[in-house]
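Undergrad: Given the coordinates of chain A, work out where chain B should sit on it, guided by the hints.
Number of protein chains: 2
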Amino acid sequence: MSRGIEVCLSGKTPQAPYRDEPASTAARSSNLLSLRVFRPLWIRLLKPSDITHLVATALQEDIGDGDVTAQLIDANACAQATIISREAAVICGCDFVDEVFRQLGTDIAVDWRVHDGDEVTPNTLLCTLGGNARTLLTGERTALNFLQTLAGTATLTRAYVNAIGAHKTRLLDTRKTLPGLRLAQKYAVACGGGMNHRIGLYDAFLIKENHIQAAGSIAGAVDAARRVSADLLLEVEVETFAQLDECLDCGVERVLLDNFSLDDLGTVVTRVDGRAALEASGNIDLETIHAVAQTGVDFISTGAITKHVRAVDLSMRFDDSL
Amino acid sequence: MSRGIEVCLSGKTPQAPYRDEPASTAARSSNLLSLRVFRPLWIRLLKPSDITHLVATALQEDIGDGDVTAQLIDANACAQATIISREAAVICGCDFVDEVFRQLGTDIAVDWRVHDGDEVTPNTLLCTLGGNARTLLTGERTALNFLQTLAGTATLTRAYVNAIGAHKTRLLDTRKTLPGLRLAQKYAVACGGGMNHRIGLYDAFLIKENHIQAAGSIAGAVDAARRVSADLLLEVEVETFAQLDECLDCGVERVLLDNFSLDDLGTVVTRVDGRAALEASGNIDLETIHAVAQTGVDFISTGAITKHVRAVDLSMRFDDSL
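Heads up: the protein sequence lines correspond to chains A and B, in order. Mapping of the first sequence onto my numbering: position 155 corresponds to residue 156, and the numbering continues sequentially without gaps. Mapping of the second sequence onto my numbering: position 227 corresponds to residue 228, and the numbering continues sequentially without gaps.
Everything labelled a hint here was simulated from the structure, so no lab data went into it. This structure is a prediction, so every number in the text was calculated from the model and none was measured.
Identical copies carry no separate label here, and so any pair may be met within one copy or between two of them.
Straight-line distance between alpha carbons at most 25 Å, and here's what the computed SDA-like set of lysine to any residue pairs gives:
hint	residue 1	residue 2
1	K177	E288
2	K177	H54
3	K177	P49
4	K177	W113
With the rest of the complex left out, here is chain A (with noise of 0.2 Å):
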C-alpha cells in the first residue's frame, strides 16, 4: 500500500474519512472544527492482507485448475506488455494489479507511470510489464478487472467531487457497494476525492425512524446508544423540523436530511446555525448535486458512487517479441 499512502499523504486528492478518533468535547461543540481533526483513516481501512485475499480469490476464480491456453506459450518465453487507459480516468488499484503478478509467483516487473488518483487523459500509458510470457498472459485479465473496476469507481467519485465545485460540500460514499469490494470501493472513493462515510454497521450509529420509534423517542434513542458506545460517530436521520431540533437539543453530532427539497434543506442549514453537522441524502445525482452542495450542507451522500459501475476502458497490449 505504499503507493496508497504517498497519494495520500502529499494531499493531492483523497480526503479523510469523517473519523478516525473520538473528537474531542471542544470539537464536537464546534462541528466544523470537529471535521478536522479526524486523522486519515482510510490510509490504514484496505490493508495489503486485504488486497491479497482480494486478489487470491479473483485469481482462484479465473484460473481455476489451470490456464490451458497459456500451456500453448515456450515455459520460458519471456514478453513485454503495457496497459493503455482508452478513455479519460481517475487511476485506481494499482496495488491490486502489483499482487496479482506477485501472486502468480514469478518475477513480473511492472513499472508504474501513474499513481492511484492520477486523472489520465485517453491514451495514456499506465505501466509498462516484463517478464514470462505465460504469466503475464494468465494475469492480464484479473490485472485488468480490478484496475477498471475500482478506476471506475474513483473516476464516477472525481466527476461528483467537481459537480459539487467550489463549495465547502464533501461527498460522502454508503453502503451500497458491490458485494466482496466493500474497503476496496471504499478506497477508489478516497482516490476519487470523496470522503468514507461509515465502513459498515459496527462503526458508527445512524439511528432512523425504527430505532426511534423503538425508544420512544430520539431523545432517548440517543441515550441507549450512548450507552452502547460513547465514542463512535451518532448520526440521526429525521423527517421533520421537530425532530431536527429534538435533535439539536440532545447534541447530536450529525443529521441525516434523506429527501429533503432544496427549499427545506436551506431552511435547516440556517436554523442549524453550525451546531451540527447536516448529510443530505435521497437521488442525487451529476444534475442536481451542485444545488443540493449550494444549500451549504456540510456533506451529501450518494450510493451511485459505489452501487452503479462504468468500468474503465483499459487494455493490455503486448510487443512484438511475444
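TA: Leaving out everything else, chain B in the frame of chain A:
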C-alpha cells in the same frame, strides 16, 4: 439453488452455456446442430456453497464485530418487511437474500412473489419478510446489495438479448467481471437470457495472436491445444480471411471475429457457411448489436453486461409494527 433450477427447467429465459460435454463429431461438423447437444451446465455452475461463501464474506465486511445501531431495538421484537423494486428489472439473487437471513441465525421467513429471471414493473413486490426485527435490520443492506447488483446484470443482459430480437444469434458474456463475483454474474447473465462463454482460463481454449505466433501457425497452435486437451472447446481469434481459412482447414469449432466491420462479418458468414460457429465481439453496444446479429453470426460477446453495473433501485420497507 432450487429456484434457479426451477427457472431453468421451465425453459423460460435462461439459456444453456456453450458447453457441458464434448459435442459429438457428427454434431461438430454441423455447427449449429452442435449447439443443441450442450446440456445446461450453468445450473450447476453457481453452487449453494458458492452462495454461502459470498454471503458470509459480504456479511462480515458489513457487520464486523456487530451492528451497533440494531442494539437500540428490543432483542425480542418482531417485524414484517417487504422488498420492492422501484423500477423495471429482471430479478436475480433470491437465493442470496435467503442465505443472508439464514446466516444471521434466526428464523426469518422470506416469502418470494417472484423468481430469478422474472421481469418486473416499477413498484413490484418482490418478497415479504418476517421475524426478528434486529436481524431484519442487520441483514437489509447486504441482502439488497446482492439483489440490486445481480438483478442489474440480469436486466442489462435482457436488454441486449431483446435488442438482438428475432435473430438466432446468442449473446455471450466474457471474463470481464467484478472481481470475486464471476460465477454469480455468469448466473445473472443466464437469468437475463444470455449464454455463458468460458467461465475462466481453465474450461476452454481461446487462441489469440500471441499463441499463434508462439506456435508458428494456426494449425500448429490448434494441434498443440488438442494435445493439451482434446475435449475442451477450442476457439481461435482471427484477424484476416487467410487466418479464417486456416481455421476451417484444421476443424476449429468456433472462430472469434474481433472488431470486424458489418460488411466483413457478412462476408465471413457466407464464406464459412456453417463449417464453424462464428462469434463477433469488439465494442458492440445496445445501439449496434441488432445490426451485428443481422449479419448471421452465431454469437455476440460483450464485456459490457458484466463489467458495467447499473444497480436496480430496490427498497426494503418495514411495517408500522417496527
